[in-house]
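Peer 1: Respectively, the protein sequence lines represent chains F and Z.
Note that numbering that gives the first Met the number 0 gives residue 93 to position 94 of the first sequence, counting from 1, and the numbers run on in steps of one.
Note that numbering that gives the first Met the number 0 gives residue 157 to position 158 of the second sequence, counting from 1, and the numbers run on in steps of one.
Please keep in mind that the hints were generated in silico from the structure rather than gathered at the bench.
All figures in this text were calculated on a predicted structure; none of them were measured in a lab.
Keep in mind that a hint or two might mislead.
Stated by the list, open to error - A short, non-exhaustive set of chain F residues, derived as facing chain Z with CB atoms under 7 Å:
| # | residue |
| --- | --- |
| 1 | Val9 |
| 2 | Val79 |
| 3 | Gly201 |
| 4 | Pro225 |
Even for Gly, the Cβ is constructed at its ideal location relative to N, Cα and C.
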Amino acid sequence: MLELNGISKVYGQGASQVEALRDVDLNISPGEFVAVMGTSGCGKTTLLNIIGCLDTATSGIYTLQGKDVSRLSLKDKARVRNKTFGFVFQAFNLLAEYTVLENVTLPLRYSGVPKRRWKEQGLGVLERLGIADLSSRYPDQLSGGQQQRVAIARALVNDPEIIIADEPTGNLDTGTGREIVSVLCDLVEKQKKIVILATHDGAVASRAQRLLQMVDGRIIDDSTVPTGAVSFSHPAE
Amino acid sequence: MAVKHVFLALLAKQPMHGYELKNAFEEIAAGSWPLNFGQVYQTLNRLERDGFIESFEVVQEDKPDKKVYQITEDGRDHLKEWLQQDDHWNLFFDEQALRLMALPLVDSALSGEILKGYRNFILRVIAGLTKMLEEEKDTTSTYYALLERNILRAEADLTWINRMIERWERHA
Ligand SMILES: Nc1ncnc2c1ncn2[C@@H]1O[C@H](COP(=O)(O)OP(=O)(O)OP(=O)(O)O)[C@@H](O)[C@H]1O
Ligand SMILES: [Mg+2]
Numbered sequence: 000m001l002e003l004n005g006i007s008k009v010y011g012q013g014a015s016q017v018e019a020l021r022d023v024d025l026n027i028s029p030g031e032f033v034a035v036m037g038t039s040g041c042g043k044t045t046l047l048n049i050i051g052c053l054d055t056a057t058s059g060i061y062t063l064q065g066k067d068v069s070r071l072s073l074k075d076k077a078r079v080r081n082k083t084f085g086f087v088f089q090a091f092n093l094l095a096e097y098t099v100l101e102n103v104t105l106p107l108r109y110s111g112v113p114k115r116r117w118k119e120q121g122l123g124v125l126e127r128l129g130i131a132d133l134s135s136r137y138p139d140q141l142s143g144g145q146q147q148r149v150a151i152a153r154a155l156v157n158d159p160e161i162i163i164a165d166e167p168t169g170n171l172d173t174g175t176g177r178e179i180v181s182v183l184c185d186l187v188e189k190q191k192k193i194v195i196l197a198t199h200d201g202a203v204a205s206r207a208q209r210l211l212q213m214v215d216g217r218i219i220d221d222s223t224v225p226t227g228a229v230s231f232s233h234p235a236e
Numbered sequence: 000m001a002v003k004h005v006f007l008a009l010l011a012k013q014p015m016h017g018y019e020l021k022n023a024f025e026e027i028a029a030g031s032w033p034l035n036f037g038q039v040y041q042t043l044n045r046l047e048r049d050g051f052i053e054s055f056e057v058v059q060e061d062k063p064d065k066k067v068y069q070i071t072e073d074g075r076d077h078l079k080e081w082l083q084q085d086d087h088w089n090l091f092f093d094e095q096a097l098r099l100m101a102l103p104l105v106d107s108a109l110s111g112e113i114l115k116g117y118r119n120f121i122l123r124v125i126a127g128l129t130k131m132l133e134e135e136k137d138t139t140s141t142y143y144a145l146l147e148r149n150i151l152r153a154e155a156d157l158t159w160i161n162r163m164i165e166r167w168e169r170h171a
């Protein structure tokens, strides 16, 4: 589905040059829930942005659905981005002057879906996330958890194959964060989507199937998140 | 670590007999800490010997008489003191601390595996505890609070082990 070969990303020039990604190899298939962990500045967002075609690698080859992304024109790249990816960010990124429904249907405007279908498609996805009753509210009339659900609805409205979530629970309390992760888990399990999620939160990472750990722009560990019960003891033992 | 203080707290609310105490204790721990009768009566005997509780027989019609325990003034003082005491903080609180001491002595590849193995263990702990938390519907229960504390501790440990793995990676 997507394959990174020797991907590097350098920001800036000369002395202020930062190597945000160094020689990253990565392969992700449909139905995978991948969590990316690592300290601040290790390159998680950079990696997600390159995968999501929001940013371009300095070197290396990125193949998405069999196509070499670096050879796409800007216009084709934008089209691929809108069609293939849904994005969820820590800061929700909803537009304050639009209602929930308008926010959610925004991606449809850019992907050539006829206007008469917007409302139906938007309400459908809001329904699935259990927030159809909020459709005419404005973002500042919602809690953080509700805003993040709206953001997920917006990410899903185009029915993308890959959901990129950059610290989606960073601004939420643990309980609400858990619910949001459950929504993402469902997408992987029931619809065989790909979810790629950056997080600092262990409880979030433990729900993924695969864990990448990054240090200084490199993936130093890529392993299956272990399953299997742990036994919990008490002091008398 | 003893159950005696929790027994005192239970008896401070109302007198109970041994079987009731065992049940009440296990209920608070949501079944995650079962007691055997030997432990229960040994604990009660010691509390009584120390003057923190006293017992009396209740005559029952068609069943054998039962022994009921109640807290004394000394017991209340002792309980109050315990509730407000500072804990000891054990610097080497689990096996992992000892493994850490052994780590520089094994070769680098093995220590990387040990660290990642522990990281995987912590992830399973977090997943297990999170599942238990989701099954506990009463968010005001003692058990819920206990699980939350354990999850947050495990997450802190995950942050630590990730840091250890990074450090190992830089020096390997
Ligand atoms: N637009 C940019 N210009 C220059 N440097 C950048 C830019 N974006 C990121 N960087 C640098 O690249 C490195 C990786 O940043 P990135 O945002 O990917 O980290 P991160 O792992 O997402 O961190 P965090 O956990 O704080 O979100 C950092 O050193 C950062 O300062
Ligand atoms: Mg980031």
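Peer 1: None of the hints should be skipped; say for each whether it holds.
Peer 2: Hints versus structure:
At its closest, the beta carbon of valine 9 of chain F sits 20 Å from a beta carbon of chain Z; the interface hint therefore is violated under the 7 Å criterion. Given hint, valine 79 of chain F at the interface with chain Z, is violated; its Cβ is 33 Å from that chain's nearest Cβ, farther than 7 Å. Checking glycine 201 of chain F against chain Z: minimum C-beta separation of about 4 Å stays under 7 Å; hint holds. Restraint check, proline 225 of chain F versus chain Z: the minimum CB separation of about 4 Å is within 7 Å; hint holds.
When each numbered hint is compared with the structure, violations occur for hints 1, 2.
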